[in-house]
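For this one, chain Y is given, so just place chain R on it according to the hints.
Protein sequence lines, in the order shown, are assigned to chains Y and R. Heads up, the first sequence is in this note's numbering, so the first residue is 1 and it goes up one at a time. Heads up, the second sequence is in this note's numbering, so the first residue is 1 and it goes up one at a time.
Check each hint, because a few of them may be wrong.
If chains are identical, the list can't say which one is meant, so a pair holds when it fits in one copy or spans any two.
[To be verified] For lysine-lysine, the following DSBU-like pairs were computed, each having C-alpha atoms within a straight-line distance of at most 30 Å:
1. K246 x K3
2. K317 x K39
3. K2 x K171
4. K246 x K39
5. K39 x K283
6. K2 x K45
7. K283 x K2
No lab work stands behind these hints, which were simulated from the structure alone.
Listed below are the residues making up each chain.
2 protein chains.
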Amino acid sequence: MKKFLNQVDQMLTESLAGFATAHRELVQVQFEPTFVSRKQKAQNKVVLISGGGSGHEPLHAGYVGKGMLDAACPGQVFTSPTPDQMLAAAEAVHTDKGVLFIVKNYAGDVMNFEMAAEMLPFEHATVLTSDDCAVVNSTYTSGRRGVAGTVIVEKCVGSLAESGADLAACKALGDKINLRTSSIGVALTSCTVPAAGRPTFDITEAEIEMGVGIHGEPGRRREAMRAADAIVTDMVAAIVHDIEAKQLPGAGDILLLVNGLGATPLMELYLIYHAAAEQLTAKGYQVTRSLVGNYTTAIDMAGASITVCLLDQEILKHWDSPVHTAGLRWGC
Amino acid sequence: MKKFLNQVDQMLTESLAGFATAHRELVQVQFEPTFVSRKQKAQNKVVLISGGGSGHEPLHAGYVGKGMLDAACPGQVFTSPTPDQMLAAAEAVHTDKGVLFIVKNYAGDVMNFEMAAEMLPFEHATVLTSDDCAVVNSTYTSGRRGVAGTVIVEKCVGSLAESGADLAACKALGDKINLRTSSIGVALTSCTVPAAGRPTFDITEAEIEMGVGIHGEPGRRREAMRAADAIVTDMVAAIVHDIEAKQLPGAGDILLLVNGLGATPLMELYLIYHAAAEQLTAKGYQVTRSLVGNYTTAIDMAGASITVCLLDQEILKHWDSPVHTAGLRWGC
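With the rest of the complex left out, here is chain Y (with noise of 0.2 Å):
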């Protein structure tokens, strides 16, 4: 394993700091408990926060900021932060509005969510995020998987906060985006967590993990390397089949995401992008809304997912509202 690093127990903290000095007029971090907020704290409204194990970044961290997430609680790597992250973190940003969870679902992170939500003095709230279709049950969780399009929830509930909205509303967005969202991802690699010191999991140069999940979990199954247009053509079907089979209201019009793994070239997400944007609108999607990049990681992978989000007039509003954070950023 090459990386950059110091010790091992201190690549966190150091990356963390980091991050704050780096963005020192968004955000500030706190250490032990550990967890980023806004550095201009909110007021009069519902707070957001989210958080789970590092090596996705930029999530949760690079979503703190206007518009967006209020702090957000990185554990180490892969490893769910703890309640007292999750209590500091909220004592430290609520208001009089109430609190909002925002989970990915890993076992870890709900149950470590749900002891903080237990002795949270304030009236909170949580949006558990399962937009992965590749598999239900898996290494960590039970049910589906959390991944890219926590992206999206955190971004269009953080609009409707901003807004003043209330509590049950803001969750009620959120749940609505997390059923109207599908995701699937694929590696080419595996990554490698630091503290393991070597690959998560073997992978040869014919083979691509179908549905892999973003600490490598195992997908639907190992298959063999082909070209891009085949493989986005089976990633595109899974999603389709997951978002029809739900029935949902809407005209058709999608935002696309499609999300690099931490190793992945721009130059692949956006051949993948042409792909997928083409495959669906001649699936008789519009792709209203396109976002291409590292937005949800699984550190070091070579590797790629795609996640469609079916749009109404609410989502789209809030997607395009502003947004400043380390991680998105416009509009301001």
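For chain R alone, kept in the frame of chain Y given last:
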């Protein structure tokens, strides 16, 4: 080699088509000759045209848009674009205020942009970037290589051009920034050029290439892998030596750019940033502006570069001004 592609010779075309669709409110792409230009043609300003081999995304197409480039001419991967591309781009985007070419100092790029300049029927000038302090003369270069500092030149000169400044002023600012900017890169792994199908160079788990170029050109020396702080110490020392030798005016305010070469996670880039910012502060510099991420890549190389630009009021003003491109966006 495992990459997301269909046929190697179609990779650039498909990727650019995806790029143009994903950012269709911002840019458009023309093929044969190939160039990317703004959707809204600018009026009454010096137009900025850059280009170079592909594989460094988001450089340069990702920097086309308001406040930065008017057009970018992408060659095949690590292959210079041809003069007909620059001529077609200039014909499409020019106004009556002249054309400024921004060219990284590689022999092929320099030659082809010079040939285009000779045939150009408009007033024109060229800024050559050569911020890489690692080596003088290299595989594809006489003199110093142009690397990630090019982003700072394109951003700031783009801002000045937007304000209506004339060609001489734009060239002067570009030359000034290039003089005040110093970079050095380090590779943990090689990159793999799709058409070659195998890594550009061999490197063991125990080695790093200090001073590597963005095409995998040899750097200063092959060194032992070691702690990130120690690697950064040598990189910062090289940059500070280079800057101090020039005895430039300035108060010591700097822009610090930590750039990923393609496969390095954000978590490691922020750790490098943390070390570099502390070391530069200890040497008397004030890190006034920061940028951390993948801005000038070397396909899928694991590695990073550090760039320092010695700010003055003029550069700072143009760095902070609004920009709206696929790769850099703020203030709009």
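inquiry  = So, against the hints stated earlier in the document, which numbers end up violated here?
reply    = Checked against the structure, the hints that fail are numbers 1, 3, 4 and 6, while the rest are satisfied.
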